[in-house]
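Heads up: the protein sequence lines correspond to chains A and B, in order.
No gaps in the numbering here: position 542 of the first sequence is 542 in the numbering used here, and each next residue is one more.
No gaps in the numbering here: position 135 of the second sequence is 135 in the numbering used here, and each next residue is one more.
These aren't lab readings, by the way, just hints derived from the structure by calculation.
Be careful, since some hints might not be right.
Some residues of chain A that are not near chain B, with every Cβ distance over 10 angstroms (derived) [to be verified]: (1) Pro27; (2) His150; (3) Leu232; (4) Glu549.
FRET-style restraints, in silico, Cβ to Cβ [claimed, not checked]: (5) Thr139/B <-> Glu513/A: 27 to 35 angstroms; (6) Thr161/B <-> Lys224/A: 32 to 40 angstroms; (7) Phe124/B <-> Ala169/A: 56 to 64 angstroms; (8) Val165/B <-> Gly44/A: 40 to 48 angstroms; (9) Asp432/A <-> Thr161/B: 41 to 49 angstroms; (10) Gln293/A <-> Arg67/B: 52 to 60 angstroms; (11) Asp36/A <-> Ser158/B: 34 to 42 angstroms; (12) Lys70/B <-> Gln92/A: 52 to 60 angstroms; (13) His45/B <-> Arg149/A: 45 to 53 angstroms; (14) Gly510/A <-> Thr139/B: 16 to 24 angstroms; (15) Asp432/A <-> Arg67/B: 34 to 42 angstroms; (16) Thr139/B <-> Asp36/A: 51 to 59 angstroms; (17) Lys541/A <-> Leu37/B: 27 to 35 angstroms; (18) Thr42/A <-> Gln54/B: 30 to 38 angstroms.
No experiment lies behind these values; they were computed from the predicted model shown.
Where is the CB? At the ideal position from N, CA and C, for every residue including glycine.
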Amino acid sequence: MKTIAFLLILPILTNVFILADESTPKPRSAWVMRFDLDWKVTGGLPEKALLVSLQGLANRASPQLYIIHPPDFQWEITGPLFEFYQRKHGVQFTELRSTDEALAQFKTCTKGYVIWDQAVGASLNVAFTIAGIENAVVVTSDLIPLVERHNLAQIADLRGRYTGKTDDAIYQDAYDRYWSRCAKDRIMLMGGHAGPVRMPAMADWGIREKMFFHDLSANPKHTKELALNRRLLSELEPGGYVFGWHSYAKDTEEEYTTLLSMYGLRMEGLHNLPNLSFNCQFTFTPGFKFVNQHHVACHAKLTAEPKVYISFVQSDSIGIGVWTKPGRGQLPFAWQVTMNWTEFSPAALEYFHESATPNDYFIGGLSGPGYMYPNHIPPNRFPILMARASKLMALLDEHVMEIMDNSAADGNLGNADLTKETVDRYYEAFPDVIGFINGYGPARTRDLRDTRPLISYDYYIDPRRPRPEVAADLNELIALNAKRPYFLLVHVRESNDVNSLIEITKHLDGPIEIVPLDTFLKLAASNKTYTTRYQSPTDPKHFEGFPKEEGRGN
Amino acid sequence: MTTAFRIFINIFLILLLIPSVLANPNLIGCWRFDPALSSPLDGWHKMDIIIQIQGNEVKITYNMLWRTSKVIATNTFDTTQTLDLRDFFRIEQRHMAVYPVQQGITKATAAWIDDGRTLRTEVFTPVEVSQGEVIMRITTEYRVSETGDKLTLIELHSSRTRPLVYVFKKVPTEEPQ
Chain A
1 MKTIAFLLIL PILTNVFILA DESTPKPRSA WVMRFDLDWK VTGGLPEKAL
51 LVSLQGLANR ASPQLYIIHP PDFQWEITGP LFEFYQRKHG VQFTELRSTD
101 EALAQFKTCT KGYVIWDQAV GASLNVAFTI AGIENAVVVT SDLIPLVERH
151 NLAQIADLRG RYTGKTDDAI YQDAYDRYWS RCAKDRIMLM GGHAGPVRMP
201 AMADWGIREK MFFHDLSANP KHTKELALNR RLLSELEPGG YVFGWHSYAK
251 DTEEEYTTLL SMYGLRMEGL HNLPNLSFNC QFTFTPGFKF VNQHHVACHA
301 KLTAEPKVYI SFVQSDSIGI GVWTKPGRGQ LPFAWQVTMN WTEFSPAALE
351 YFHESATPND YFIGGLSGPG YMYPNHIPPN RFPILMARAS KLMALLDEHV
401 MEIMDNSAAD GNLGNADLTK ETVDRYYEAF PDVIGFINGY GPARTRDLRD
451 TRPLISYDYY IDPRRPRPEV AADLNELIAL NAKRPYFLLV HVRESNDVNS
501 LIEITKHLDG PIEIVPLDTF LKLAASNKTY TTRYQSPTDP KHFEGFPKEE
551 GRGN
Chain B
1 MTTAFRIFIN IFLILLLIPS VLANPNLIGC WRFDPALSSP LDGWHKMDII
51 IQIQGNEVKI TYNMLWRTSK VIATNTFDTT QTLDLRDFFR IEQRHMAVYP
101 VQQGITKATA AWIDDGRTLR TEVFTPVEVS QGEVIMRITT EYRVSETGDK
151 LTLIELHSSR TRPLVYVFKK VPTEEPQ
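Work out the full structure, taking the sequences as your base and the hints as a guide.
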């Protein structure tokens, strides 16, 4: 009898073991280093540049080297993600405590070294390009003895090669020498911090993927740099990626994003986003499926009451937001997910989903499968890009698309509106969403078609604005928008803390209800008290965009 | 000309002069925004205001800077009558979706109060919000300190219970922002 019983439960036990086996990843070894916050060109940068170049090579075949940054680094999740890899992927890390130890461990991954010129900033980017295609690490003069102790040979010496040359001349030389050997579906815009501090923490990824590194300007005043920039972008494959970030010293985020959008390309930043060379090699853990914290079904119908409905959204990609800060979960919050992390950083997405509270709701963005300005995407590229976005949103169980087009704005403020043609394209491309939201700073594009509203931010919370003033501002909007229901969509800028928002909500006047974004949009679909509006040709524009170049795919 | 008519003319001229007699000349000049002493001003890094007074007319010119965006605008008031102003300039808190209505007409009045020490302006200006166009009343007082080097601008909105207080220091007009 016992034997029969055993035989009966055997299949169940077998299944349990299979499930257990599937959910328990095989242990694997990797190494970890800890960085400090010293990125000074004359301080910590040279050694960090060497290490991230080594990381890119070490991680080329398999994930071997991970870097933890301090909690106050812009990307705050490297610590939590380190813990996640151990717990969910069974990674057993060994800590490397010096550059010397790292070179000893990974010198077989590299064929030699490239010397960059500390006096010529662009030479570091050229060195990174060479590092990718020649399997080299990048060093300054001072670090040559260190790498030579590990028997690495010199591959290139950029000292003096670019002295006195302008950046357009330097990158033209690099283009002539190396572009043909670089990846054509992606490029590394290694800008961001410039001058005495630089922060190329994303270089590992560019080196692993053999990308061309540059920080060419999109500023119309820099005609030569802009011309070469446009040539590079035009030679990328359609739908390709621009990784990194624009140079803070040369142009603006708005100018660069406008430019790449004209070519139907997508931005994935920032320049200091670390560990992609490691992160890209992990898939989701077995059995993991994205399940968003929906509050309403896609086809549900809600009826708004005569109230003020408020919804908070955190964009800027969740990794640089306030995810790990106290207070999360106490208010309904929508979080814009960088959808392409499904490809480059699945573990990070899984970590966010795993640690989500019922009040954390994920939405797609930004504008598409990557950061781009839709008013400038070529009409023939738009459906292809948005089909990709739609697929990623389905994978991520997301029902709301966040749009942002600051091409005509000046920084966070100004004209962030969408043309009617752009709005038409979104409605056509996303028939199954609950709705759209738009803006970064406040905007005034609004629409409602069938059951899908498009609502722009009525308020942008600057983290530096005193909380009593924020409450007064919100109360003023509530007073000015006197019809009920009033739908008040609020963009919460990165680094605002949730606890202070809770305090603000206690000082709001009127019949207020704070609702999750999906509920908010469903309610907004039920009673259209907002006007329909698109970007008007007479609205002030800070920047008109770039002239098109015939035959260059823009 | 009869004596009675002369008296009438004199009274009329005196009445005409009253507004400018009551005007505070210390208000005239260029004033630079002092953020440390003021309500936070979002969306502008710098603000100068230049005040000119001529008879009944008070011109207030705003010289605003946000990153590379510059705005220069002038509001003209008359202390004896209500004016209809086109393109009225309002000091915006630009993180709010409250926009001036293009070609909107703003009803504007001004008066010298507190024995001529303070200029008070009141405007009814159309603004665009997400629910459409609405009128915002803005009452502003311009008060100069006893030493004449500090201007306090107190702005009260019909839609806001908390006043906005902007403090300015006097600067030579020719000093560039």
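Please write out, lowest number first, the hints stated earlier that are contradicted by the structure. 6, 10, 11, 18
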